[in-house]
Amino acid sequence: MSVPDIVFEKVCALIADGSLKKGERLPAERKLAEILGVSRPSIREAIRTLETLGMIDTRLGSGSYLTDDVASFTKYFVKRQTSKKYKLLEIMESRKVLECEIAYLAAQRISPADKVALTKALEDMVEQEDVDLFSRKDFVFHEVIAITSNNFFLLEMLKTVRELMFEANKQLIITRPGQKQTAINHHRRIYDALMDEDPERARQEMLLHIENVIQGPDVMLTKNDHDE
9 MSVPDIVFEK
19 VCALIADGSL
29 KKGERLPAER
39 KLAEILGVSR
49 PSIREAIRTL
59 ETLGMIDTRL
69 GSGSYLTDDV
79 ASFTKYFVKR
89 QTSKKYKLLE
99 IMESRKVLEC
109 EIAYLAAQRI
119 SPADKVALTK
129 ALEDMVEQED
139 VDLFSRKDFV
149 FHEVIAITSN
159 NFFLLEMLKT
169 VRELMFEANK
179 QLIITRPGQK
189 QTAINHHRRI
199 YDALMDEDPE
209 RARQEMLLHI
219 ENVIQGPDVM
229 LTKNDHDE
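Residue numbers (the working numbering): 9 to 236.
Mixed in with the good hints there might be a few duds.
[Claimed, not checked] Now the in silico label distances, taken between C-beta atoms and shown as ranges:
id, residue 1, residue 2, range
1, Thr-60, Gln-189, 44 to 50 Å
2, Arg-38, Glu-137, 58 to 64 Å
3, Val-105, Ala-36, 49 to 55 Å
4, Glu-135, Glu-32, 41 to 47 Å
5, Lys-29, Lys-104, 23 to 29 Å
[What the hints assert, rightly or not] Result set (PhoX-like, lysine-lysine): computed pairs, CA atoms no more than 20 Å apart in a straight line:
id, residue 1, residue 2
6, Lys-178, Lys-29
7, Lys-178, Lys-167
8, Lys-145, Lys-123
9, Lys-188, Lys-128
10, Lys-145, Lys-188
11, Lys-145, Lys-178
12, Lys-178, Lys-188
13, Lys-145, Lys-128
14, Lys-167, Lys-30
15, Lys-29, Lys-39
16, Lys-104, Lys-39
17, Lys-167, Lys-145
No lab work stands behind these hints, which were simulated from the structure alone. Think of the CB as a built atom: it goes at the ideal place given N, C-alpha and C, for glycine as much as any other residue.
Taking the hints into account, I'd like the entire structure generated from these sequences.
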């Protein structure tokens, strides 16, 4: 992995755990060099690359700051990730790390308005007979949970992961008997935990949901699969 990639991954981790927010200053060059085990010239080169990508803004005499356009991180992530091949299992494992924590945060932060949006998302999904529409409404349900978590970067990461596996989700419903109803049942349990504002239960129900999907066929995904 190149130095810019290492810095990118570290910045993503800082944002994901809430250590760094939009507009905030990155750690000093010396500190980043210590954390990543690279030279300060390498850090400066990486920062220039990230600045070119629109991810950070370097201010003379002040330091480097995360830009307000966090979506640029997602664009770069997609560019790197979709150039490779992934098994469905690999993507689903990333969902376990990402979505279980999103559900936990959402249960802590859910508002009355969020509950209305989540109810509508669940109802819209359940009423869909068409597999494609059902899969899209499934996506919306998870997106609403991410919005409820009140963490914009986690929402952007979720969009990337779920878009990469959209076709695989449809294939799973088509090829596994009863999977659609099983998915609905899992979503209802996640919904109940969120409505009860129970973070631990929300996290556990999301984990059970993703584990159920992981037991499905290990489909290979490529950029072309996603684009079709």
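Each hint tested on the structure:
no.: 1; hint: Thr-60 with Gln-189: 44 to 50 Å; result: holds (49 Å)
no.: 2; hint: Arg-38 with Glu-137: 58 to 64 Å; result: holds (59 Å)
no.: 3; hint: Val-105 with Ala-36: 49 to 55 Å; result: violated (29 Å)
no.: 4; hint: Glu-135 with Glu-32: 41 to 47 Å; result: holds (42 Å)
no.: 5; hint: Lys-29 with Lys-104: 23 to 29 Å; result: holds (25 Å)
no.: 6; hint: Lys-178 with Lys-29; result: violated (35 Å)
no.: 7; hint: Lys-178 with Lys-167; result: holds (16 Å)
no.: 8; hint: Lys-145 with Lys-123; result: holds (16 Å)
no.: 9; hint: Lys-188 with Lys-128; result: holds (18 Å)
no.: 10; hint: Lys-145 with Lys-188; result: holds (12 Å)
no.: 11; hint: Lys-145 with Lys-178; result: holds (12 Å)
no.: 12; hint: Lys-178 with Lys-188; result: holds (10 Å)
no.: 13; hint: Lys-145 with Lys-128; result: holds (10 Å)
no.: 14; hint: Lys-167 with Lys-30; result: holds (18 Å)
no.: 15; hint: Lys-29 with Lys-39; result: holds (18 Å)
no.: 16; hint: Lys-104 with Lys-39; result: violated (31 Å)
no.: 17; hint: Lys-167 with Lys-145; result: holds (13 Å)
Checked against the numbered hints listed earlier, the structure breaks hints 3, 6 and 16; every other hint is satisfied.
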